[in-house]
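Put together the whole structure using the sequences plus the hints.
Chains as they are written, first to last, in the numbering used here: chain A, 1 to 293; chain B, 1 to 504; chain C, 1 to 396; chain D, 1 to 327.
If you are wondering where the hints come from, they were derived from the structure by calculation, not from laboratory data.
The structure displayed is predicted, hence computed values, not measured ones.
Hints may be right or wrong, so weigh each one.
If you anchor each label on the Cβ, the simulated ranges turn out as follows [unchecked claim]:
# : chain 1 : residue 1 : chain 2 : residue 2 : range
1 : B       : G317      : A       : K289      : 50 to 56 Å
2 : B       : L80       : D       : A21       : 40 to 46 Å
3 : D       : I168      : C       : A82       : 35 to 41 Å
4 : B       : E181      : D       : A21       : 40 to 46 Å
5 : A       : N58       : C       : E56       : 40 to 46 Å
25 Å max Cα-Cα, derived DSS-like pairs, lysine-lysine [claimed, not checked]:
#  : chain 1 : residue 1 : chain 2 : residue 2
6  : A       : K185      : B       : K341
7  : C       : K343      : C       : K86
8  : B       : K390      : A       : K289
9  : B       : K110      : D       : K214
10 : D       : K214      : B       : K164
11 : C       : K242      : C       : K217
12 : C       : K242      : C       : K320
13 : A       : K289      : D       : K214
14 : B       : K341      : A       : K289
15 : D       : K214      : B       : K57
Virtual Cβ for every residue (Gly too), placed ideally from N, Cα, C.
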Amino acid sequence: MNPAFAEPTGYMNYLKRVGALAILSAGALYVIVSGGFDLSVGSLMTLTVIGSSMLASNDPNSTYWIIPLMLGIGAVVGLINELVVSNLKVPSLIATLGMMISLNGVAFMWSGGAPRGYLPDTFRFFGRYNIPDVPLIGILPVAVICLAAFGLVLWWGMHRTNYGRMLHAVGDNPQAARLAGVPVKSVRISAFVISSLTAVLAGVILGGRAGVSVDIGSGFELQAITAAVIGGAQLLGGRGSVPATIAGALALEAIFTLLNLLGLAQPIRLVVQGLILIGAVAFATYQRKRVGR
Amino acid sequence: MSGTPVIEMRNITKSFPGVKALRGVSFACGRGEVHALCGENGAGKSTLIKILSGVYKPNEGEVLIDGNVQHFTHPQHALLAGISVIYQEFSLLPERTVAQNLFLGREPRKNGLIDNRAMVEETRRVLGLFGVRHKIEPDTLVADLDVASQQMVEIAKAISLNAKVIVMDEPTAALNESECEVLFSLVDQLRASGTAIIYITHRMREVTRLADRVTVIKDGEATASFDHVPAPEVIVRAMVGRDIAEFYPEPAKPEDIGRTVLKVEKGSNYALREIDLELRAGEIVGFAGLQGAGRTALAMAIFGAVPFTGGAITFDGRSRTFSNPRDAIRAGIGMLSGDRKASGLVLMQSVRDNGMLTSRSFANAVGSAAANQFVDQAGMTALLDEMRVKAPSYDQEMRFLSGGNQQKAIVARWLALKPKLLIFIEPTRGIDVDAKASIYHLMRDLARAGTAVMMVSSDLPEILGASDRILVMREGTIVGEFDRSASEADLMLAATGEVEGAAA
Amino acid sequence: MSDYLQNFCPVHSKPQREDDLKKTFATLAILGMMPGLALAQAPNFDDPAEFGKQREQLAASFNGPADQRYLQYAGDAMVDTAQFKKEGPWTVCFSNAGVNNPWRVVGYTDMTEEVKLHPEIGTFTHVDAEGSDDKQIADIDDLLAGGNCDALIVSPYSTAALTPAVEKACAAGLPVIVFDRGVTTDCPVTFVHPVGGYGFGIQAADHIIANVPAGGKVLMLRILPGVDVLETRASGARNMFKDAGLTILGEEFTDGDNAKTKSIVEDYLQRGAIDAVWMDAGATAVAAVEAFEDSGFDVPVVPGEDQQDYLQKWRDLGFKGVAPTYPTYQWRTAIVAAVNTLKGEQVPGPEWVLPQPVITEDVLDQYINEKMPPLHYAMCGCEDMPGYPEAWGGSK
Amino acid sequence: MTDTSLATPRRRFRFDRNASAILLIAAVLIYLGLVLALGQTRFLTLENVIAILTRSITLGITAIGQTFAILVASIDLSVASVISAAAVVTSVVMNGNPAMMLPAIAAVLVMGAVIGLINGLVIARLEVNPLIATLGMSLIIQGILSYFYNNFAGNVPAEFQVFAYGTIGVVPYSLIFMFALAGLAWFVLRFTRFGSDIYSVGGNQDAARLAGIKTVRVVVGAHILCSLCAAIAGIYLASRLRSGAPWIGAEGVYDLESIAVVVIGGTVLAGGRGGVWGTMAGVIIFSLIDSIFNVAGVDAFVKQVLRGIIIVAAVAFYAARSQRPVA
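What follows is the structure in structure tokens.
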């Protein structure tokens, strides 16, 4: 029915398209596993794109310092998120909601409401460029390489390190983790920082793919949570898998693409997304109860 | 007693994954009867009560009220049938007033609206039964009450239901002597008015004082039933099922006890005052006292979880301050918290991950697998094997294991670090008897290997059986020191403050 | 295991749960049917008379100074405003639907710069409804209650919703100027707007029809459904394509999102050739062009709007572009209308229809200014203002 | 030992119980200070006070419902979609015909109750996390709604606009209605067993169950009330806007804002503590903030930054004192 998936180039385009969301979801998963929410990631993506366009002033060489600078801003945002949560005892849902609103405002303030510069091609390289004429797969988008690389790093961090196990423990039972000697605060800080850093990376890739616009990241925070939930992550912490979350992001985008190809309108997409969301969680809960708790 | 019992349970069987909690237990209680239900921690008493109150459904057997078979599927059904339970864990809502808690879910109504005045008056009346000394205002928030008062509110709640059957699950755990007396006279009044009372305790004193009949539960079975109150030794033997001597390992010999590991001088914080103590290598020190006496607070303070704000700590010969658990762990202290589910286990993680949690916390964060000296997967597997943790696989999630196996896995967590001082809080709560014995032996083995062991327990036989030395706490400070030859009565008197304990 | 489950959820026996699910689905179905009751109520966005009128206006000549488009007006109906004449300094209040997109940002800058040209305006009070009708109504209430306004300018978020609030302001004796979207009352002094949505659709569709052979395939990209200005653009173009014998591949909504636009165009490209992409607003035009570029296709006929990034892309790639406009200079005109009203001078009305020029290849270079931000709208009519170009984010 | 241990403890001043009042007073003082400092005393007229209070009636009605959901330790993200759906159904069913006013209101209330019922059942029976359940519900409602409508649809008769625009003297009916609704909610929470059960279930679901409370019913009931309030807010909005469109709920961000004002009003997200008057204080604080921004002429973007910070700061104002760890 759909030639887009019938040939390798189609697959590559699809992976390229989903790259930003997949990386973002895998990073957001760190906060979810640690027992919190990060609603600020979408607005951080917007800030990354708008801020970069403001700073770049069309200079192709600026990319090399802009991306590290943006990562630095991201780290600060993640740090503030966590400090507000743990020091001011504000639930992360509210803390990151406030951060989301504020960051959107900052992005607007910075640009005066409309971005004032282009993203140079060196910046857009990551989200836009395809390596042509690759055997077997036809093209190899740089975004796909980024997805593979960051996905691997995030997988390793979550599932192959002491840190990853501590993260699970903190989300599972913070009190028990603290009494077992887990440095709860630094584990949480790093989760929020990782989430923010991946949001910046996702922003770079999305900005590369789509160019500058003022609300480029809006809605991504909920999509990221949806992807994690589809991937079986437990909200409020303690369980989650990076590969499954990336698969969740791929599934989400595939479903949307499919609905698009079937000619089903946006409203149907919403309904389907809603049903998937409830269904996935209800099923997971049922499964867990079936095996006893 | 004559005629149909008010409440009868026949052949109750109940299993949980990995545990058969109850096997064919039968039990009955008539009007105006106080029936003591005795048994060790983990024997199955609480499970039985939860079946009676409609929280659990039995796999087999039936519950009869006034001779009619009942099928409770919700606690409300049991309440409507006239069964009221005072649970061991408080089921009060801290943010609501005493009166609101007393009438939780059954507020008196006038014209369809809650009759606040009637509620307050009835509350005042019921609380009046405790006498003027224990005055609790109906509109106080429960959060503002101390532990003993909260226990009184729990009791008042059950009484105010005018139930046919009242179940009291260790109601005196937080009460001092005079408060206990108030409770006992209440029980007498209730008995006189024809209420059936199921009284759960392992304090022989209370059995002797109150009971008309006694049933002993051991390992999920009703092992003995008496229509009179036998001598305490008889009950204890039925509860434990073997000689105490076998059950508890040999105490330390004087030569086993070594240098001082921990010394606290004038330790204090919001819950503690004037704490002076020494813990020595090779010695198990039991800490007895009522709930809220400061035993757990002391453990938390030594462990750095809720640090001392005054006084001095010398650990391992050096002056130290532990401002968080990491400091204490790094110095060589471990702690098994009393409420495993709330503060010990990470239930969704594997048995192995639970065991390695502390090791990993002190290892390189990105270090992984066997390469790291702190995170010795093979070593943990061996340790878990050695402790005979029963699990289909060590990759099984922790929540599927029984209480005893969960506790062993946490012990393994600390053993991996070879601590100099290991603190056990209520080490055998919710654990079956076999596992209990192995925990005691484990503690002793640790002590023999030169570890100082601190054990906080509310279970006096356990304190007397497993400790080398016993410290009794009351109102945030240490009020007495005993050796293991002391009697339960000695400890109780010191704990409740009726007599200052003599230094041993 | 299964009896274990039963014990832990004694309340939910299985058949009951299935019942619940059935109930759930039944109610969902009912929920779905309810809005369907009056489906035939959609507002009319396909009005041949209005279409014809706008087509004429596009070609008509406008009154007013030839070099200042923002002062020009169609027709010669004027309103007398003597009753509002007042000595300065005035307080001019402005209830803004929002500044949440670049078009509105450029327009609002036009407006504030225009205010600076009128020393008689002592205070210019701006309240921003942040894209909410509810809030805009409250804002107007605030202005009426404590704003001391001498004149009120309203850029309504929704036509119908803001009508009562505007009526209230009129009733309070204030001269009200409405621009961009209108209201359904004629109580304002005048309603400032360019030719209109049909006109925008016509300009792009004319270009496509002229450059695509009969039977050619057109993809229609739209921002979102329901906005009257955008709906008229689409309906006008749709009719013209049908009459010209072009095939419409589909109508897709992009939410104004570049990434989504790119995905949609890529998906269509996988299925076959596209001869033209029609768009109801130019914000995503560059993304559509890039979708062709990145997939290795030649860029076909892709109209956009007067934003700098599109104009430059058009020039650089040399495809067949055209830029219909919805000029931002109407924001200046609103101030001018307010000032003239307070001076008691005649103002074009009850509708002040502004010209709506189209940028074609011949005049493309006039509008390109690389010193301006990429999302700047070239048809701002602001080049003569003292603050230009810095106030708009450009550099000299 | 004497009998001190059981004496009634002294009544502590419970900061967290009065914090919403303190915040409200602070906001009023800031407003007064600003108005006086700018010499703009014209903002102190009765009309202006009423204009401020009337700003957030949609939010206020929604937040009253949200209070129930949060008190029972749940949350409802679907209110914005319910508002849109209710407004559209109101205006479509009425369609300018005064005779259809009552059927329209009845239809909308039924719809609200059904949505609340489904939310409640999915949360309490299927045990789906309330955030996910109501987010999913929100998407579903929004999808169904925008499938049928893509613009303002129908219109309400002039008689019905009295609800939003009619006044007694200078006081709008709608303002009276909102406070009456808040009073009713307070009454339910304070004087009915259902209200008491809400606090119990929110405070500790297990304890409530042990006390014989049918917790599922209580959760479902709270969600029905929450959705009903959102539906009423939608009816009000239809009256105010003359018509309903599928985006008006989302454009007002009533979902997140209603949660924010409830939390600012001192109801804890974990449930079991708080009340409806705190929520009303939160609503007025939000209105005041808007007005302060308007008076001070704060730039729209700066406004947004400040709003985010204020939400967090207000919640921190209570929460920082609590010892409970949060995540």
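K341 (chain B) paired with K289 (chain A) [C-alpha distance capped at 25 Å]
holds (18 Å)
Within 40 to 46 Å or not, the Cβ separation of L80 (chain B) and A21 (chain D)?
For A21 (chain D) against L80 (chain B), whose Cβ atoms are near 41 Å apart, the range 40 to 46 Å holds.
K214 (chain D) and K57 (chain B) were given as a pair; does the straight-line alpha-carbon distance stay at or below 25 Å?
With a Cα-Cα distance of about 17 Å, the restraint between K214 (chain D) and K57 (chain B) holds, given a limit of 25 Å.
Holds or violated: K185 (chain A) with K341 (chain B), Cα cutoff 25 Å?
holds (21 Å)
Against the 25 Å threshold, does the CA-CA distance of K242 (chain C) and K217 (chain C) hold or violate the hint?
This hinted pair holds, its Cα atoms lying about 11 Å apart.
Evaluate the given range 40 to 46 Å for the C-beta pair formed by N58 (chain A) and E56 (chain C).
Since the Cβ atoms of N58 (chain A) and E56 (chain C) sit about 42 Å apart, the hinted range of 40 to 46 Å holds.
For K343 (chain C) and K86 (chain C), compute the direct alpha-carbon distance and say whether it is at most 25 Å.
Holds: K343 (chain C) and K86 (chain C) sit about 6 Å apart, inside 25 Å.
What's the verdict on K110 (chain B) and K214 (chain D), does the C-alpha distance respect the 25 Å limit or exceed it?
Given pair K110 (chain B), K214 (chain D) holds - Cα atoms ~21 Å apart, limit 25 Å.
Keeping to a limit of 25 Å between CA atoms, is the pair of K214 (chain D) and K164 (chain B) held or broken?
holds (22 Å)
Is K289 (chain A) close enough to K214 (chain D), meaning Cα to Cα at most 25 Å?
holds (20 Å)
Is 35 to 41 Å a correct range for the gap between the Cβ atoms of I168 (chain D) and A82 (chain C)?
Distance hint for I168 (chain D), A82 (chain C) holds at roughly 37 Å.
Holds or violated: K390 (chain B) and K289 (chain A), Cα atoms, limit 25 Å.
Since the Cα atoms of K390 (chain B) and K289 (chain A) sit roughly 22 Å apart, the hinted pair holds (cutoff 25 Å).
In this structure, every one of the numbered hints holds.
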